[in-house]
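If you read the sequences in order, they're chains V and Z.
For the first sequence, my numbering puts the final residue at 250, and the numbers step up evenly by one.
For the second sequence, my numbering puts the final residue at 272, and the numbers step up evenly by one.
These are calculated hints, taken from the structure and not from any lab test.
One or more of the hints may lead you astray.
[Unchecked claim] Computed footprint of chain V on chain Z, listed as stretches where at least three residues anywhere in the stretch have a Cβ under 8 Å from a Cβ of chain V:
id: 1; stretch: 155-165
id: 2; stretch: 172-186
[To be verified] Quick partial rundown of chain V residues pointing at chain Z, CB under 10 Å, derived from the structure:
id: 3; residue: F136
id: 4; residue: P138
id: 5; residue: M170
id: 6; residue: S187
[As the list claims (entries may be wrong)] Okay, the calculated beta carbon distance ranges per label pair:
id: 7; chain 1: V; residue 1: H239; chain 2: Z; residue 2: H105; range: 42 to 50 Å
id: 8; chain 1: V; residue 1: P241; chain 2: Z; residue 2: Q192; range: 23 to 31 Å
id: 9; chain 1: V; residue 1: P23; chain 2: Z; residue 2: T221; range: 52 to 60 Å
id: 10; chain 1: Z; residue 1: D261; chain 2: V; residue 2: G12; range: 34 to 42 Å
id: 11; chain 1: Z; residue 1: F253; chain 2: V; residue 2: A41; range: 53 to 61 Å
id: 12; chain 1: V; residue 1: T85; chain 2: Z; residue 2: T230; range: 41 to 49 Å
id: 13; chain 1: Z; residue 1: S21; chain 2: V; residue 2: P228; range: 58 to 66 Å
id: 14; chain 1: Z; residue 1: F253; chain 2: V; residue 2: H239; range: 55 to 63 Å
id: 15; chain 1: Z; residue 1: D131; chain 2: V; residue 2: T246; range: 25 to 33 Å
id: 16; chain 1: V; residue 1: G12; chain 2: Z; residue 2: N256; range: 50 to 58 Å
id: 17; chain 1: Z; residue 1: P263; chain 2: V; residue 2: R174; range: 14 to 22 Å
id: 18; chain 1: Z; residue 1: G166; chain 2: V; residue 2: G12; range: 37 to 45 Å
id: 19; chain 1: V; residue 1: L162; chain 2: Z; residue 2: T230; range: 30 to 38 Å
None of these values were measured; they are calculated from a predicted model.
Quick reminder that beta carbons are idealized off the backbone N, C-alpha and C, glycines included.
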Amino acid sequence: MNEAELRAAIQGHRWLQSLRLRPDLVTPGLKPEAELQEEEAALLDPLNLKGAHVLEVGAANGAFSFAALRRGAARVLATDHLAWTLPGSDALSATQWATHALGAGLEMAPMDPRHLNAGFGSFHVVMATACFDQLFNPIQALRGIRSVTERVLLLETAQDGLDDARPLMMAHGRMMPIGGPEGSWVSGWGPNPPLMTQLLNDLGFNRILYRSHPRLGSARGLYAALLPDAPDGLLEGFHSPWISLTHPQG
Amino acid sequence: MAQWATLWYLRGMTLPADRLSEKDLLARMQSFHWWHSIALRPGLTTFGGKSELILAQEEEAFFGPFNFQGRSVVDIGAWNGAFSFAAKRRGAARVLATDSYIWNHPVWRGREAFELARAELGLDIEAKLVDPPDITPELGLFDVVLFLGVFYHLYDPIQVMTQLRGITRQMLLVETHSDLTNQARPGMVFYQGDILNQDPTNWWGPNPALMLSIFLQLGFTRIFYRDHPTLGRARGIYAAFLPEVEDSLILGFDENWLDLDVPGAIEGLLTP
Numbered sequence: 001m002n003e004a005e006l007r008a009a010i011q012g013h014r015w016l017q018s019l020r021l022r023p024d025l026v027t028p029g030l031k032p033e034a035e036l037q038e039e040e041a042a043l044l045d046p047l048n049l050k051g052a053h054v055l056e057v058g059a060a061n062g063a064f065s066f067a068a069l070r071r072g073a074a075r076v077l078a079t080d081h082l083a084w085t086l087p088g089s090d091a092l093s094a095t096q097w098a099t100h101a102l103g104a105g106l107e108m109a110p111m112d113p114r115h116l117n118a119g120f121g122s123f124h125v126v127m128a129t130a131c132f133d134q135l136f137n138p139i140q141a142l143r144g145i146r147s148v149t150e151r152v153l154l155l156e157t158a159q160d161g162l163d164d165a166r167p168l169m170m171a172h173g174r175m176m177p178i179g180g181p182e183g184s185w186v187s188g189w190g191p192n193p194p195l196m197t198q199l200l201n202d203l204g205f206n207r208i209l210y211r212s213h214p215r216l217g218s219a220r221g222l223y224a225a226l227l228p229d230a231p232d233g234l235l236e237g238f239h240s241p242w243i244s245l246t247h248p249q250g
Numbered sequence: 001m002a003q004w005a006t007l008w009y010l011r012g013m014t015l016p017a018d019r020l021s022e023k024d025l026l027a028r029m030q031s032f033h034w035w036h037s038i039a040l041r042p043g044l045t046t047f048g049g050k051s052e053l054i055l056a057q058e059e060e061a062f063f064g065p066f067n068f069q070g071r072s073v074v075d076i077g078a079w080n081g082a083f084s085f086a087a088k089r090r091g092a093a094r095v096l097a098t099d100s101y102i103w104n105h106p107v108w109r110g111r112e113a114f115e116l117a118r119a120e121l122g123l124d125i126e127a128k129l130v131d132p133p134d135i136t137p138e139l140g141l142f143d144v145v146l147f148l149g150v151f152y153h154l155y156d157p158i159q160v161m162t163q164l165r166g167i168t169r170q171m172l173l174v175e176t177h178s179d180l181t182n183q184a185r186p187g188m189v190f191y192q193g194d195i196l197n198q199d200p201t202n203w204w205g206p207n208p209a210l211m212l213s214i215f216l217q218l219g220f221t222r223i224f225y226r227d228h229p230t231l232g233r234a235r236g237i238y239a240a241f242l243p244e245v246e247d248s249l250i251l252g253f254d255e256n257w258l259d260l261d262v263p264g265a266i267e268g269l270l271t272p
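With the hints as extra help, turn the sequences into a complete structure.
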């Protein structure tokens, strides 16, 4: 692959994320590079990923998977469903070009998170960004995600119903530049923190931390959910604005 | 006895071969906890938590607009079977009553109670132990799928709605507890523990906008709604039709029903 081929490939794809592939070359993604960097820092800075096995659910163009590799993860498997499988979608091809360009050892597999089960493997850290936003059935998908999580689930999602103390979620929908030429209508949900706490707790996560999005505030939420087997030491990197939803005094 | 036989004949039933004496029947009835009050014989009605009057009002609200003559019907969450029996009496060619939680429950013993009612009524109704999350297309295709009072009892009702789509040939009829009825945007509330009616088996309260959204995403193209006949907006009744629906299934909707997928319909249902 020469530089001309790379630049032509970048121009020939629709990008969901703005990835810096060269010092002077950034993919023209729907999400700006600066916002991705802020999300990466908010989500991954609290953890030491050296040697970790990481699964990303809903990887889009792989921004957070590449970040996990840069941060020392021993194995990173990027998966996506709609963006990688809808007829006419080129997001997987775009991610493959980015992987080549970065020389990254990223594994990729189209995967519907509803179909994840323990037989798929086990990962120290599972990441799912824009999670509820793009899931028709997040309850089932969370169950699948839990089945492959060994220690920590990092989840970023749209939120809604913030003025109601009861656990709830509101249905959302938006056009995404995936699938056909005009894009596709993608349905999903915006849960509120009480619901996320409940659903994650019901799945066996016994320590749940939360912070609002670094740029968009409480319109989006970041969650770190730890399983009982995760050592307490993992919590040491979670400082303010992270708060514990399960141990408010802690 | 001749009077009995005439009565059973007129009701389109077959006379059970081994009829219990009234005393024995009463004893059997008293041995169960009933939810449905079902008249098994003149003067012998099961002692259900839901009265005959309310059940009659619900039956008319649920089934009044439809012609079940010759249709296949599956009742998901049949409990004591009142609506399965009603569907058969309204001319359904085939009725399959299913349940799991109540039929397996050591206190409710719903399957035994259902079997007693079925035998007494002499109705030709099939029964199968089916947990809604386990429903697959192997259960078969049914013209009418009844999902009455079950949605909110499921931890993952979205998945079960998807599975019900897979066994529906014409119409899915849903009755459910509602919440967020003051919101035009689709959503549903989660109930922790026994917050809703002191019942730990209650999980979710959807609003009409959400039910409409789910039906449309599952491929139903016409969705009609009405309030519950006695509980009003606290519970909703939804008739969702696939494009393949036969005109003859629908007798007509009265003024209690409204087409949910038209501009302003959701807004018109909003509570203060």
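Hint check:
1. Check on the stretch 155-165 of chain Z: 5 of its residues sit with their Cβ under 8 Å from a Cβ of chain V, so the three-residue criterion for coverage holds.
2. A stretch counts as covered by a chain when three or more of its residues have a beta carbon under 8 Å from one of that chain; for the stretch 172-186 of chain Z and chain V the count is 4, and the coverage holds.
3. Interface restraint check: F136 of chain V against chain Z, minimum CB-CB distance 7 Å, threshold 10 Å, status holds.
4. The interface hint given for P138 of chain V holds, since its Cβ lies 8 Å from the closest Cβ of chain Z, which is under the 10 Å cut-off.
5. The restraint placing M170 of chain V at the interface with chain Z holds, with a minimum CB-CB distance near 4 Å, inside the 10 Å limit.
6. Because the closest C-beta pair between S187 of chain V and chain Z is about 6 Å apart, less than 10 Å, the hint holds.
7. Hint check: H239 of chain V to H105 of chain Z, Cβ distance near 49 Å, so the stated range 42 to 50 Å holds.
8. Against the hinted window of 23 to 31 Å, the Cβ-Cβ separation of P241 of chain V and Q192 of chain Z comes to about 26 Å, which satisfies the hint.
9. Here the CB-CB span from P23 of chain V to T221 of chain Z is close to 53 Å, well matched to the stated 52 to 60 Å.
10. Checked against the hint of 34 to 42 Å, the C-beta distance between D261 of chain Z and G12 of chain V comes to roughly 40 Å, which is consistent with it.
11. At about 56 Å, the beta-carbon gap between F253 of chain Z and A41 of chain V stays in the expected band of 53 to 61 Å.
12. Distance hint check: the CB atoms of T85 of chain V and T230 of chain Z are about 47 Å apart, consistent with the given range 41 to 49 Å.
13. Checking the proposed 58 to 66 Å range against S21 of chain Z and P228 of chain V shows it holds: the Cβ atoms sit about 59 Å from each other.
14. Under the hint 55 to 63 Å, the C-beta atoms of F253 of chain Z and H239 of chain V, about 59 Å apart, fit the expected range.
15. Taking 25 to 33 Å as the suggested C-beta distance range, the pair D131 of chain Z and T246 of chain V conforms, at roughly 31 Å.
16. A hinted range of 50 to 58 Å holds for the C-beta pair G12 of chain V and N256 of chain Z, which are about 56 Å apart.
17. One distance hint, 14 to 22 Å for the beta-carbon pair P263 of chain Z and R174 of chain V, holds here, with the actual separation near 21 Å.
18. Evaluation of the 37 to 45 Å hint for G166 of chain Z and G12 of chain V yields a pass: the beta carbon distance comes to about 39 Å.
19. A C-beta distance of roughly 35 Å is found between L162 of chain V and T230 of chain Z, which places it inside the suggested range of 30 to 38 Å.
In summary, the structure agrees with every hint in the numbered list given earlier.
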